[in-house]
Amino acid sequence: MLPASNLARVKRQKMFETEQINIALEIQQYCGDQGLPPPIIQWNWIPFSGHWGISTPFFQTAAQEAKAGKKINISQRAQEIAQSVASHFQNRPEFERVEAVNGYLNLYYSTNEFARRVVDEVLSNGVRFGRGEARGKRVMVEFSQPNTHKAFHVGHLRNVILGDAVSSILEFAGFDVVRANYYGDIGLHVIKWLWNYLKFHEGEEPSGDMVQWLGKIYAEADQRYEEDPAVQEEVRALFGRWDRGDPEIVALWEKTRTWSLEAFDRLYQMLGVRFDHVYFESEVEESGKQLVAGLIKQGIARDERPEGAVIVPLDDLAGTKDKFRVLVALRSDGTSLYATKDLSLAIKKFEEFNLDTSIYVIDVRQSLYMQQIFKTLELMGYDWARNCYHLAYEIVNLPGNVTMSSRDGTIVLLEDLLREATSRALEIVQQKNPELPQGVKEDIAKTVAFGAIKYSMLSRDNTKIVTFDWNSALDFNGQAAPYIQYAYVRANSILKKTEKKLSDNLAVSYPLNQAEIELIELISRFPGEVQRAAKEYRPLYLSTLAFELARSFNDFYNQCPVLQAEEPIRSFRIRLTTAAKQTIHNCLEVLGIRAPEIM
RNA sequence: GCCCCUGUAGCUCAAUGGAUAGAGCACCGGACUUCUAAUCCGAUGGUUGUGGGUUCGACUCCCGCCAGGGGCGCCA
1 MLPASNLARV KRQKMFETEQ INIALEIQQY CGDQGLPPPI IQWNWIPFSG HWGISTPFFQ
61 TAAQEAKAGK KINISQRAQE IAQSVASHFQ NRPEFERVEA VNGYLNLYYS TNEFARRVVD
121 EVLSNGVRFG RGEARGKRVM VEFSQPNTHK AFHVGHLRNV ILGDAVSSIL EFAGFDVVRA
181 NYYGDIGLHV IKWLWNYLKF HEGEEPSGDM VQWLGKIYAE ADQRYEEDPA VQEEVRALFG
241 RWDRGDPEIV ALWEKTRTWS LEAFDRLYQM LGVRFDHVYF ESEVEESGKQ LVAGLIKQGI
301 ARDERPEGAV IVPLDDLAGT KDKFRVLVAL RSDGTSLYAT KDLSLAIKKF EEFNLDTSIY
361 VIDVRQSLYM QQIFKTLELM GYDWARNCYH LAYEIVNLPG NVTMSSRDGT IVLLEDLLRE
421 ATSRALEIVQ QKNPELPQGV KEDIAKTVAF GAIKYSMLSR DNTKIVTFDW NSALDFNGQA
481 APYIQYAYVR ANSILKKTEK KLSDNLAVSY PLNQAEIELI ELISRFPGEV QRAAKEYRPL
541 YLSTLAFELA RSFNDFYNQC PVLQAEEPIR SFRIRLTTAA KQTIHNCLEV LGIRAPEIM
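Residue numbering for the first sequence follows the working numbering, starting at 1 and increasing by one per position.
Simulated from the structure, these hints should not be mistaken for laboratory data.
All clues stand as given, with none of them false.
Derived lysine-lysine pairs resembling DSS-like cross-links, with alpha carbons at most 27 angstroms apart:
no.	residue 1	residue 2
1	Lys348	Lys375
2	Lys535	Lys375
3	Lys446	Lys432
4	Lys496	Lys432
5	Lys255	Lys216
Required output: the full structure, derived from the provided sequences and hints.
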């Protein structure tokens, strides 16, 4: 229930929200006048009705009466109250029908009037339809976080796709979003790579796919490192040289790092993902070490060197048991760990960007680690630590619960997946539209293939493991992006054959049929679903809505002739088709999926 | 041992504490002289892991148990 005093603060994030709040207040007023406890109004869509409207139950009101001592049958009493309220709302122009059923009050909108308003709202806002009002809150989303000098596989892809979608959704919902990447450009893995390069690949220049080439050298290095203690010794020595700033090593590091960064730039560009700010581990390493020294002084960290490392005994400090465990903040040899750098980086983010919220898109296996970092920051006295949020997602596995690992060679390279998916899509375009120019066909194939891959990851909840297999990854049928894209193409195909200028926003003067009503209802849900997805960081709500919009449009397409229809039906259906196309576009847009004009 | 996640149709997954738990895939049967069949229509398919509790009402919230996965001092 929204108290009247809060009414002015309610932003119009959903369509018709103001109307709904006003009616809710009126119902509460009415119940109060009748001597009933004020009901909590929770508007739902009316199920099974096939009409457009809102609904709210009165069980709670009845239950409150029962608790107050009245001897009543609750469901019966709820129906009585609903009936009473319904009679109060009888003969109101904004509702076509008002009824009380099973303890619910059902308010059926005047369908044609609301249809007009929904379609008009979409058409007048265009690409901005569904966009929330600016909130004046800044949120940083850190995602992708690749290691340089390593391969990029399908497991990493889920992070990028999720982070990108969440960023877009938040931005569309009204937040000021800073998309941040954080490269692991230094550390043991890089030194191992450099060692292997110097020893076995000296002077080689990258060839073919850069990320793959770098990854191959890394995998090789890792294997030699694991198998041979002498290698470990050499790598440590090399790490020492790097630490001392040996010019030859630093130069090689800089050169190869650049190769890697350029390759990632191309990769993100290909995926249609951009970042507003980029951080590097190398830039927070020194500040991290200093920060840990400070922690020791403050008595937050315990220096157990030389026998042990520098640790933060979180459970002792927080007064918990077996909850936060112990965070290792610095190695016993004084070299930095992830934690060393993450603590420093967290502070840097808030200082540089004046954030309200800081989101970390990182897989679920690092949940404890993330809580340790946030807790440590809190103990350091940073109040904003509670505005740090770990957006955990489950990993991508291979069949048989096999974790993707470069070391074990159990990976599906991004490159391979994209190539395979694109060629499969191209084959289908070839069949459907052989007359199109080759370049156009290739564009469509890419759009479809990338869309399919992104959608398959976004249409599953963050907490669900994705099991990768080629068959389902390359399946373009059913609930998948190509289905949605095809509905968009069909809408476009109708519109191409109409006059450029849309007719005016006239009242709908014919009885809408079922398919039209459902389509309009789904369109009207979009702004609310954007807010819900933003609030819970769940693109799933929008990937589901996109599919439902597409299915509903296909239904409309089959049942409702547009171009052949008589006026004024024809004009309205053209407007509705335009609105559906726009809404599908906006919905896919925030998911990072493009829609082709033809396919 | 402690903590987290998951368990829903044969399979992969949805479902604001609300009315009759829905899609896709697979399987079976239909629909292109039509705004593109990458589509649509129909049929089959359920003790929501299990036992309690809270509630007018539980797939949803709480507790126990079972099963699977993950995490827990110098990896990232």
